[in-house]
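Starting from the known structure of chain H, arrange chain C on it as the hints suggest.
Next come the chains, spelled out residue by residue.
There are 2 protein chains.
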Amino acid sequence: MSIHGKNFIGNDLSSNGDKSSKIYDLKSDEPLEGEFFHATNEEVDLALKKANKAFYIYKDKSQLQRANFLETIADEIMNLGDELILRTVAESNLPKPRIEGERGRTVGQLRMFANLLKEGSWVEATIDEALPNREPLPRNDLRKMLRPIGVVSVFEASNFPLAFACAGGDTASALAAGCPVIVKAHSSHSGTSELIATAIINAVKKCDMPDGTFSMVHGGGRTVGQQIVLHEVVKAVGFTGSTQGGMKLFELANQRKMPIPVFAEMGSINPCLFLPSSLKKAEEMAQLYANSITVGVGQFCTNPGLILLVKDENSEAFKTELSKSIENIVPATMLSSSIQEAYSTGTKEALSQDNITLLGQSKVENTKAEGRPTVACVSANTFIENPKFHEEIFGPYSLVVECENIDELDLVISSLDGQLTSTVMGEEADMQKFKKQIFSLENRCGRILFNGVPTGVEVCHSMQHGGPFPAATDPRFTSVGTGAIRRFVRPVCFQDCPNSLLPDELKDENPLGILRITNDKYTRDSL
Amino acid sequence: MSIHGKNFIGNDLSSNGDKSSKIYDLKSDEPLEGEFFHATNEEVDLALKKANKAFYIYKDKSQLQRANFLETIADEIMNLGDELILRTVAESNLPKPRIEGERGRTVGQLRMFANLLKEGSWVEATIDEALPNREPLPRNDLRKMLRPIGVVSVFEASNFPLAFACAGGDTASALAAGCPVIVKAHSSHSGTSELIATAIINAVKKCDMPDGTFSMVHGGGRTVGQQIVLHEVVKAVGFTGSTQGGMKLFELANQRKMPIPVFAEMGSINPCLFLPSSLKKAEEMAQLYANSITVGVGQFCTNPGLILLVKDENSEAFKTELSKSIENIVPATMLSSSIQEAYSTGTKEALSQDNITLLGQSKVENTKAEGRPTVACVSANTFIENPKFHEEIFGPYSLVVECENIDELDLVISSLDGQLTSTVMGEEADMQKFKKQIFSLENRCGRILFNGVPTGVEVCHSMQHGGPFPAATDPRFTSVGTGAIRRFVRPVCFQDCPNSLLPDELKDENPLGILRITNDKYTRDSL
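Line order of the protein sequences matches chains H and C. Quick note: the first sequence uses numbering that gives the first Met the number 0, first residue 0, plus one each step. Quick note: the second sequence uses numbering that gives the first Met the number 0, first residue 0, plus one each step.
Calculated from the structure, these hints are not laboratory results. Everything hinted at is true.
Below are the EDC-like pairs computed for lysine to aspartate or glutamate, each with C-alpha atoms no more than 16 Å apart in a straight line:
| id | chain 1 | residue 1 | chain 2 | residue 2 |
| --- | --- | --- | --- | --- |
| 1 | C | Lys-435 | H | Asp-59 |
| 2 | H | Lys-256 | C | Asp-416 |
| 3 | C | Lys-256 | H | Asp-416 |
| 4 | C | Lys-279 | C | Glu-426 |
| 5 | H | Lys-58 | H | Asp-207 |
| 6 | H | Lys-60 | H | Asp-210 |
| 7 | C | Lys-117 | H | Asp-519 |
| 8 | C | Lys-310 | C | Asp-409 |
| 9 | H | Lys-434 | H | Asp-409 |
| 10 | C | Lys-520 | H | Glu-118 |
| 11 | C | Lys-52 | H | Asp-409 |
| 12 | H | Lys-256 | C | Glu-390 |
| 13 | C | Lys-280 | C | Glu-427 |
| 14 | C | Lys-279 | C | Glu-427 |
| 15 | H | Lys-434 | C | Asp-59 |
| 16 | H | Lys-520 | C | Glu-118 |
| 17 | C | Lys-256 | H | Glu-390 |
| 18 | H | Lys-279 | H | Glu-320 |
| 19 | C | Lys-256 | H | Glu-250 |
| 20 | H | Lys-256 | C | Glu-250 |
| 21 | C | Lys-434 | H | Asp-59 |
| 22 | H | Lys-435 | C | Asp-59 |
| 23 | H | Lys-117 | C | Asp-519 |
| 24 | H | Lys-280 | H | Glu-315 |
| 25 | C | Lys-95 | C | Glu-82 |
| 26 | H | Lys-52 | C | Asp-409 |
Chain H with its partners taken away, still in its complex shape (with noise of 0.2 Å):
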């Protein structure tokens, strides 16, 4: 397949536009195949024109329907072969293996969503029957159930240009919600999403879902994206990128003249307390540490940009430990010169600060593309004073805090700002002393873990990725895991409602054999 740049306005391709795009190779400076053309006013109304048209005949679809499309576009992915890797490594110069290991995880969020579906109970339907002889007044019929929004724009990551990209969490939540999607693609792996769309765009057929189920747009700037979020039909936003671009779609949502939610996953510098007893293995720590905070060239929302300690006899060993490992891993390249760039920038900006110690870098001095591993540390004053200590770094970075005491420590938990993670390293017995620091923790963040390391996110029921302001826009929505179907939901209650006309997920008969709450009791019975 040859990389033709064109924007997918529902089912057909479109390049009207007069402005285009082109992506080069990080390394080569050479242009990758493909050209990208901006998609016009006029292309992307149309593509929301469709897709509201699309959500009167999607959301009727059954779950089954919609399990059954899911499903087919992560056979479509899987069809795309070699071509996709190829051209997603060359896309994100990330190694072979991780973007294999990313498809894996794309297809499976898809089949997990599809699994959700054909289950079905994720509808939380709640029936209290009518009791027309109560007193002082009779009870109607009332029956609710979570059915979707409309349509749902999702702007692609950098990072994962698989994972939380154009047929990512987002996507396939809003698809499994009953959601049409507009999908906004990253300049910087426009050919992975065109191949990504395609298979989309086969299943859509495939499945004979309505055209405007799905679209794909190219955009350079801001333009393309305002004008979606603006746009009346649509009526959420899922994003993971930088707090700037999260914050810009938020403000801009909250001005329309019905504000829409924005879910945007905007990054944190996940907090990691080492507890005493945890700091007596020294070695052991920094090296698990090192190896976390370097991991994909630390792109990772969850990459430990903050590690939390009080002095003991342990501390200073550790901290040596940390900057010997540090200096042992090599740079890599990053993922594309602007990341590289504000990379570079930002370290330096840090260790241009008042009271700021350089702990260790890497021995290898790192070329332009390439992010170099640096760890530094702060005084607790020094961190709790210094607004730019709390902001992230995106890469193999990770700053220090070094209490005097626990009060300090306290105090240094108060001054954070909302996380997606926060660690707690040590024995049972340290934890159940610092249980006031670990409730502190929990309440700033999203996830709390536990004698491990925070990269790596889990895809399945349990999993809460997103957390307090300013990690994400809104704490009570996570974009991984089953949870994520719930951003593009909401309850609606029929009541006294025929039953033929009631969503079969209601009807008295329960169809779908799903778990209700039916007259208090959480039951599959019908009635």
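Frame of chain H, contents of chain C only:
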């Protein structure tokens, strides 16, 4: 008990401010007992700091302890006896049976949440056990449940001085969730609020809940409310009232360094679609709706403010009957002088628009305290083109929109903003024919009802009270029914957490016996 007019700063009474206000009887202009002291900046700040401190203790109370606390509040409210009823009647001008009913609803809500906590499964516990031998990567132990978000601020509504007020659904659901609450009392029924706050503080003490679990402050104008919404410890806001008031809070909350959700229920016009088969029963339908339009002097957010029909051989008779029925209903005293004035101005403005026909008005003229039942009629085009007709007029008013044909009806429905409710009247066969229009209504509301009236909001699992903007700020949540608790919690994932540190809901042995999703299966089993 005499009315002291002081603020409840946690368990302490305080009146340090030099501003105060009184409440006047609407008919006699005489002041009611009590002078209400507006809280100072310092008092508000102290209340919120106490609340945040209380959170760290209150969130660790077991579900059973919180259930007992809610039941004690209910008991204490009942112990207030007739003193509460008389004060509320005097402040609201609502009849005694209505207020007694509303008290029943209020204590019923508290007990409903207590029952929800005793059952315990609402926390949506999920467990994915570790898979140490999984290939290519092992899986960590992951467990997730809903956890309280922190201090919640509640703004009382004017039209339900008990059920949407100091111990109303917002407070009950927040306390149930594990969140301390600060209430901003409504200036039109501050004496009622004081009595209820006294009952809550009695319960705080009896149940040994921390000082700061509950506070209530008075304030004139918007200063106190704004200070609360902007205070860093506040994590969510519950509000029921006008669009103007709700949007002001929503905008403030989004301007914070850390934006917080405002759950504002701002009312709606509640479209009711009369299908041809229903118009045949002109007299019966007209009587049913005249009653619903005027019940409680029309002061319900679910008041049927919009009646949609397609002209046919019965539509004229329906309009005539509706007009006759309305003419025979006498005006009644409204909640407050400002609400009466807004209603008088609102109907006058509506009736002065171009191309509106007054259908009928109560034969009896209203006094300056009363609202006069009124119905009017416009064509589809007039409705679509004039945004004035899309605004709620809070009181016993409704507008009939007469469409020439189904195409016009489609355009009218498409032009509607988000609504709390939509209603469909007619026979089942007719509904099958109008399926598209019915879905279009569902897509714009939180509750869709069939062959009934929207007034009357049942408190149960299946209720959805909320709807797409501007009916509410967030249609994914409800302010009535057990679902209301979800506004004040967020999912937190615990990864590889030692069993001893896990909340009871996630422990291996499932000590609460709640329903959980364990390794993909719904079960109450332990691990």
